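Novice: So the chains spell out like this:
There are 2 protein chains.
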Amino acid sequence: MQRPNRLSLWLFSLTLVALISVPIRAAEPLASWNDSAAKEAIIEFVKTVTDKDSSGYVAPEDRIATFDNDGTLWTEHPMYTQMAFAFDRVRTLAPQHPEWKTQQPFKAVLENDLKAVAASGKKGLVELIVATHTGITTEEFEAIVTDWFKTARHPRFKRPYTECNYLPMLELLQYLRANEFKTFIVSGGGIEFMRPMTMEVYGIPAEQVVGTTIATKFEMKDGKPILMRLPEINFVDDKAGKPVGINQFIGKRPIASFGNSAGDREMLQWCSAGTGPSLKMLVFHDDAKREYAYGPANGLPDSPFGTFPQDLMDEAKESGWVVISMKNDWKTIFAPEKE
Amino acid sequence: MQRPNRLSLWLFSLTLVALISVPIRAAEPLASWNDSAAKEAIIEFVKTVTDKDSSGYVAPEDRIATFDNDGTLWTEHPMYTQMAFAFDRVRTLAPQHPEWKTQQPFKAVLENDLKAVAASGKKGLVELIVATHTGITTEEFEAIVTDWFKTARHPRFKRPYTECNYLPMLELLQYLRANEFKTFIVSGGGIEFMRPMTMEVYGIPAEQVVGTTIATKFEMKDGKPILMRLPEINFVDDKAGKPVGINQFIGKRPIASFGNSAGDREMLQWCSAGTGPSLKMLVFHDDAKREYAYGPANGLPDSPFGTFPQDLMDEAKESGWVVISMKNDWKTIFAPEKE
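Chains as they are written, first to last, in full-length UniProt numbering: chain A, 1 to 339; chain B, 1 to 339.
The set of hints was computed from the structure by calculation and includes no laboratory data.
For clarity, every value in this text was computed on a predicted model and none was experimentally measured.
Heads up, the beta-carbon is just placed ideally off N, CA and C, and yes, glycines get one too.
Check the hints yourself; a few may be wrong.
Unchecked claim - Derived Cβ-Cβ restraints for the label pairs, each shown as a range: (1) B:Lys327 <-> A:Ser319: 58 to 66 angstroms; (2) A:Lys52 <-> B:Asn328: 24 to 32 angstroms; (3) A:Ser319 <-> B:Pro301: 53 to 61 angstroms.
Unchecked claim - Cross-link-like lysine to aspartate or glutamate pairs, in silico, DMTMM-like; alpha carbons within 25 angstroms at most: (4) B:Lys217 <-> A:Asp62; (5) B:Lys224 <-> A:Glu318; (6) A:Lys224 <-> B:Glu318; (7) A:Lys52 <-> B:Glu61; (8) A:Lys252 <-> B:Glu61; (9) B:Lys150 <-> A:Glu140; (10) A:Lys150 <-> A:Glu171; (11) A:Lys252 <-> A:Glu163; (12) B:Lys217 <-> B:Glu142; (13) B:Lys252 <-> A:Glu140; (14) B:Lys327 <-> B:Glu140; (15) A:Lys224 <-> B:Asp62; (16) B:Lys224 <-> A:Asp62; (17) B:Lys224 <-> B:Asp311; (18) A:Lys327 <-> A:Glu163; (19) B:Lys39 <-> B:Glu219.
Please model the complete structure; the sequences and the hints are all you need to start from.
Specialist: The structure is reproduced here in structure tokens:
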């Protein structure tokens with residue numbers, strides 16, 4: 001056999017470098033999307049803002065895309081994932097709180113009575129959050145959440161909640177990032193509940209997650225600095241809070257925003273009000289067979305988790321916001337389950 | 001002349017790709033630093049956390065570095081830049097407020113009486129901020145700040161405030177980023193005062209700036225969504241607020257933190273308390289000739305802007321925080337003035 005000469009070695013190493021340099025892209029972007037107006041809208045928008053010869057060109061540093069989480073990136077039924085976490089936490093902590101057996105909303109949680117929990121209203125919800133999310137350090141909370149994600153399973157899909165995210169939306173995140181967008185989560189969910197999983201599930205690092213926050217306090221404990229989670233909600237990142245959160249955490253107006261409920265209306269309005277082109281989309285849950293169907297737009301049943309009233313549907317139509325039909329626009333809902 | 005054959009064209013394009021792939025690095029990093037313990041500490045730390053064979057290796061996504069701004073990245077004397085902005089704003093708005101001629105702290109500002117302004121205390125400062133920073137939209141405020149940076153000049157250095165930043169620190173930011181660090185500002189200054197200039201001055205995008213925030217409110221005005229700046233301070237990103245802000249905005253503990261005053265103590269403590277290696281540094285202003293000298297550590301005069309008390313110097317020594325002497329460790333303070 002002939003020894004490889006220096007030229008061929010050199011060629012070989014150049015080829016390696018060239019191969020490494022090619023950005024990794026899926027063979028077909030948005031492969032789980034049917035060929036529909038929704039898919040077309042995404043591709044056209046990305047083409048416009050990335051084309052230097054287009055009047056709608058946007059510099060990469062301003063390609064900010066914000067995504068709601070519950071119902072937009074992952075399932076929010078039969079209840080918000082964070083609520084399932086809070087319920088499990090009540091069950092775990094119940095032996096230390098015998099009084100919960102007779103005290104609402106804890107009694108309702110222990111009896112799995114979702115209606116009675118709902119009846120306890122906002123006050124009950126805050127009590128649940130305070131009891132299950134505070135009075136511990138940020139490090140302790142992170143460890144608890146991380147553990148919970150490993151073991152908890154969605155009641156219908158029998159898989160980890162972290163695998164109940166939508167494959168078409170994951171492809172959308174990847175497609176935008178491949179086109180030099182910076183992708184953010186802007187969710188009503190707790191920021192420290194989401195951060196332990198966003199990198200693994202969505203490829204979104206902790207510093208690109210905006211959410212509802214609990215007040216924290218810096219303290220020295222045994223000579224070590226800690227942040228205690230206080231029994232107080234600091235900021236609610238929902239509805240009119242979303243533009244506030246975007247401005248505070250990101251400081252730039254998104255050119256693309258994605259939501260699925262009345263909680264996302266103001267974020268989409270804020271996104272719309274920029275000077276250049278912008279893309280606004282709402283995921284509509286009309287697929288009871290593969291996921292869930294709720295509205296009450298289009299006559300679907302109302303839901304306390306991710307309500308989509310008729311006037312939101314009307315505003316979407318009037319404002320050129322694209323409504324994604326899960327049933328018609330998505331070939332697949334979830335990725336195949338991991339081993 | 002022979003036409004280039006396909007192989008040579010192919011070689012040529014591969015070579016181009018290879019050249020493009022080489023990361024662009026400065027010929028010598030930290031060129032404005034004297035060969036000192038401080039410079040050595042930076043280089044050793046970066047070597048440790050980027051060396052995959054080191055027990056102190058840190059994955060790129062966790063290479064978070066936080067920088068105070070006033071006195072750490074740019075000059076904070078004779079007063080904080082944002083205070084100079086507020087003073088100018090009082091002068092601009094004075095014709096609409098004849099009552100300011102007799103009303104403190106405005107009277108003091110209009111008479112350039114810094115002592116009387118200081119005597120008005122925290123209450124006076126908040127009044128100044130409310131009068132000059134709120135009651136307008138976020139967009140209006142951004143435009144005002146952007147304009148001010150274009151025209152205002154530092155009283156001693158006679159150059160734009162945006163050119164009163166320290167060249168050695170700029171090189172440090174670049175050096176860290178070249179080593180896959182993500183650089184953040186974590187400052188007591190107003191987040192929306194800093195964001196209009198951080199990209200141009202430091203290469204730090206708006207979404208990597210943490211600071212003190214004014215409360216804002218989402219409103220519809222003439223059918224257009226706006227964010228109004230309310231007369232209320234929402235969050236003070238100073239002292240024990242810095243770890244709180246870091247946790248809230250970034251969600252990861254920094255492995256490197258840089259400050260220059262008692263306001264940065266808790267940030268450095270928080271940085272220290274991680275599990276792996278960390279670098280903590282304090283810029284000490286001991287160079288009256290080229291910049292300013294104040295302390296009161298080491299017997300330098302005290303200052304309300306960037307106080308460095310003796311117990312901070314003691315804690316630095318005990319805790320292995322590196323104190324940077326501007327006088328001894330920096331070859332140059334500022335970059336040559338721009339044309």
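Novice: Decide, hint by hint, whether the structure agrees.
Specialist: The hints, checked one at a time:
The hinted window of 58 to 66 angstroms between Lys327 (chain B) and Ser319 (chain A) holds, with their beta carbons roughly 60 angstroms apart. Distance hint check for Lys52 (chain A) and Asn328 (chain B): the Cβ-Cβ separation is about 48 angstroms, which falls outside the suggested range of 24 to 32 angstroms. Against the hinted window of 53 to 61 angstroms, the Cβ-Cβ separation of Ser319 (chain A) and Pro301 (chain B) comes to about 60 angstroms, which satisfies the hint. As the CA atoms of Lys217 (chain B) and Asp62 (chain A) are separated by approximately 23 angstroms, the hinted pair is consistent with the 25 angstroms bound.
Annotation: proposed proximity of Lys224 (chain B) to Glu318 (chain A) holds, straight-line Cα distance about 15 angstroms (limit 25 angstroms). Annotation: proposed proximity of Lys224 (chain A) to Glu318 (chain B) holds, straight-line Cα distance about 15 angstroms (limit 25 angstroms). Under the criterion of a C-alpha separation no larger than 25 angstroms, the hint pairing Lys52 (chain A) with Glu61 (chain B) is inconsistent with the structure, at around 30 angstroms. Between Lys252 (chain A) and Glu61 (chain B) the alpha-carbon distance is near 22 angstroms, which keeps this suggested pair within the 25 angstroms criterion.
A C-alpha spacing of about 47 angstroms is found between Lys150 (chain B) and Glu140 (chain A), which places the hinted pair above 25 angstroms, so the restraint is violated. This hinted pair checks out: Lys150 (chain A) and Glu171 (chain A) have alpha carbons roughly 24 angstroms apart, not beyond 25 angstroms. A threshold of 25 angstroms between alpha carbons decides the hint, and for Lys252 (chain A) with Glu163 (chain A) the separation of about 31 angstroms lies outside it, so the pair is violated. Our distance criterion of 25 angstroms between C-alpha atoms is met by Lys217 (chain B) and Glu142 (chain B), whose separation comes to about 16 angstroms.
Under the criterion of a C-alpha separation no larger than 25 angstroms, the hint pairing Lys252 (chain B) with Glu140 (chain A) is consistent with the structure, at around 14 angstroms. At roughly 40 angstroms between alpha-carbon atoms, Lys327 (chain B) and Glu140 (chain B) are farther apart than 25 angstroms, so this suggested pair is violated. This hinted pair checks out: Lys224 (chain A) and Asp62 (chain B) have alpha carbons roughly 21 angstroms apart, not beyond 25 angstroms. For the given pair, Lys224 (chain B) sits about 21 angstroms from Asp62 (chain A) by alpha-carbon distance, which is consistent with the 25 angstroms threshold.
Our distance criterion of 25 angstroms between C-alpha atoms is broken by Lys224 (chain B) and Asp311 (chain B), whose separation comes to about 52 angstroms. Proximity of Lys327 (chain A) to Glu163 (chain A) is assessed by CA-CA distance (about 19 angstroms); at most 25 angstroms being required, the pair is judged to hold. Between Lys39 (chain B) and Glu219 (chain B) the alpha-carbon distance is near 50 angstroms, which puts this suggested pair outside the 25 angstroms criterion.
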